[in-house]
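Could you put the whole structure together from the sequences, leaning on the hints where they help?
From first to last, the protein sequence lines are chains A and B. Under my numbering, the first residue of the first sequence carries the number 4, and numbering increases by one thereafter. Under my numbering, the first residue of the second sequence carries the number 4, and numbering increases by one thereafter.
Since the hints were derived computationally from the structure, they do not count as laboratory data. Take the hints with a grain of salt, since some may be wrong.
One copy or two, it doesn't matter: identical chains are merged, so the pair holds either way.
As the list claims (entries may be wrong) - Below are the DSBU-like pairs computed for lysine-lysine, each with C-alpha atoms no more than 35 Å apart in a straight line:
1. 147 / 72
2. 72 / 175
3. 175 / 91
4. 72 / 91
5. 109 / 175
6. 72 / 109
7. 109 / 253
8. 253 / 175
There are 2 protein chains.
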Amino acid sequence: MPTIADIDAAAHRLQGHACRTPLLSSPFLNEIAGRRVFVKAECLQHTGSFKFRGAWSALSALDPAIRAKGVIAFSSGNHAQGVALAAKQHGAPAVIIMPADAPRLKIANTRALGAEVVLYDRATEDRDAIGARLASERGLTLIKPYDNDMVIAGQATTGLEIVEQAAEQGIKDADVLVCCGGGGLTSGIALALDARGQNLRARPVEPAGFDDVTRSLVSGQHERNAALSGSICDAIVTPTPGQITLPIMKRLCGPGIVVTDDEALHAIALAWLRLKIVLEPGGAVSLAAALFHGEQISSTDVICVVSGGNVDPDIFARALATLAED
Amino acid sequence: MPTIADIDAAAHRLQGHACRTPLLSSPFLNEIAGRRVFVKAECLQHTGSFKFRGAWSALSALDPAIRAKGVIAFSSGNHAQGVALAAKQHGAPAVIIMPADAPRLKIANTRALGAEVVLYDRATEDRDAIGARLASERGLTLIKPYDNDMVIAGQATTGLEIVEQAAEQGIKDADVLVCCGGGGLTSGIALALDARGQNLRARPVEPAGFDDVTRSLVSGQHERNAALSGSICDAIVTPTPGQITLPIMKRLCGPGIVVTDDEALHAIALAWLRLKIVLEPGGAVSLAAALFHGEQISSTDVICVVSGGNVDPDIFARALATLAED
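Here's what the structure looks like:
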């Protein structure tokens, strides 16, 4: 588990490399939510999601000789792009293992960020075996998406910024809603708020049907989702909470909140209309919770970490269509 | 003409009220432009455009007794919303004169921000006469959109932030491209860069057919556009440069750049894809100039002020459709 000293050190390493994303607001969103809503816009982070923070933190913490041999990651999404860009900027090779049927744009983007993309067939090949072989042959270091102390420390820098920005905006008491997959961002923010954010409390938000963290916080043990796919919130669909992240969330987080895919789409549309930011469904569930599940929130203000904006045009068009129904 | 002391005073008044918008970048945009591109995202400002800065600056500079009587503005767009919100937050009444055929959403937004909207018929009524009568009857102060020193000083705070952010990012030499209508934002930024921004130079960008500032900078006198409408970049379509703004731009700005409506749409799409921000056509012309008219730029880096994001869904869908052609 990373300490607050690890998080401060990560913040120091990220300085001048990660974007200090703004805390946005709109009187129109306050009106819908019935309280002040602040939005920490991590979709504006490099590569379009918070994942760059954790990737940079992990890469920059490696021994330079180890880093020079290269890193490897499994991801078809935001973690892939975060690791690829962080590796490129460190002058280190990056290998990203992606399913051959991943969207072409994601494969092209990851390659354009300088990574070597190794494709595998989901039906016939074992990606872990491929990764282990490459790592061993080339001496690559595996960068896990959330069960890694330095990755969590990197994501936690979002929480340090929230503490500063909440003070600037006069926010005295707020639930901090976080889009939650494996729990790297949620647990990192929870650690930062615990150390520095008086009266700020992290809470995970998940899509309906994929609420493993919410249920795990209730039962106290690792719960699993029944399915591995089936939500448009693909970026935060994970089978079960992380080994490092769940104990942190159990100790520090408030109860989870669950939203529907339609609520996520509506939140994307309202973020487009009122905040002028682009969200993907998995990056919008925190805002959806603030706007449509206010009865589960008791704080004066609410802060939503919107965590990614890498959305397909078709899904985005569906989201904007919800405005016509308003 | 505002002095740098006026601009510093405006920055002080705006502190904690305006959003310090981020300076964004993407390696994909750098690749297209052939140089580093930085984007000052004023679409993330309150009410979705830089206009809030000037409105707040002007309102906050008024004598409190005068301000309490109220303010009045003519606008169907971004200036209307900026004045409405700034007045609401000052507890001052605001009257906004809008054409009766303005988009319903804009009328609704301006009302929702607390302003009294007075509609007039463009064909049969004289808006200046209506405004003069209301101003005189109620003692309202007129807030002009750009020919007002305190408004220009407010817009200029964008330039002060650019100077700080350029230093943070190691930008040594850059043209600062500004979406230009009447010239309030462009002249304000030019003043700030002249006082503080060594090797940063403001340049106006306009839509084809509405390049009155570009031509005025060449001829040295007020040139007019042949038409008053006919570009999707409606937010920056003005008949001729301002009386206060043109002399400033003549003294301090580099040559103008002109882009087509299609280039503006393509820039909107790339900003959506690569930066996760929402732009309106008139707010995207600066980015279009950097991406598609690089041959007119000689600086090492380029900074684009993207100035607004209040776009209709139909126009936005047209913009995203340009991605399919890439």
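Status of the hints after comparison with the structure:
For a Cα distance limit of 35 Å, the shortest separation of residue 147 from residue 72 inside one copy, 17 Å, qualifies, whereas the shortest one across copies, 61 Å, does not. Within a single copy, residue 72 and residue 175 get their C-alpha atoms only as close as 47 Å, which misses the 35 Å cut-off; across copies the closest is 33 Å, which meets it. In this assembly of identical chains, the alpha carbons of residue 175 and residue 91 lie at most 35 Å apart only when taken from different copies (23 Å versus 40 Å within one copy). Within a single copy, residue 72 and residue 91 get their C-alpha atoms as close as 13 Å, which meets the 35 Å cut-off; across copies the closest is 58 Å, which misses it.
When the C-alpha separation of residue 109 and residue 175 is checked against a cutoff of 35 Å, the pair qualifies only between copies, where the shortest distance is 33 Å, while the shortest distance within a copy is 40 Å. Taking the shortest alpha-carbon separations for residue 72 and residue 109, only the intra-copy value of 24 Å comes in at or below 35 Å, while the best inter-copy value is 56 Å. For the identical chains of this complex, residue 109 and residue 253 are intra-copy neighbours only, at 34 Å inside a copy versus 46 Å across copies, given an alpha-carbon limit of 35 Å. Only within a single protomer do residue 253 and residue 175 lie at most 35 Å apart by alpha-carbon distance; the minimum there is 24 Å, versus 48 Å between protomers.
The structure fails none of the hints (numbered hints given earlier).
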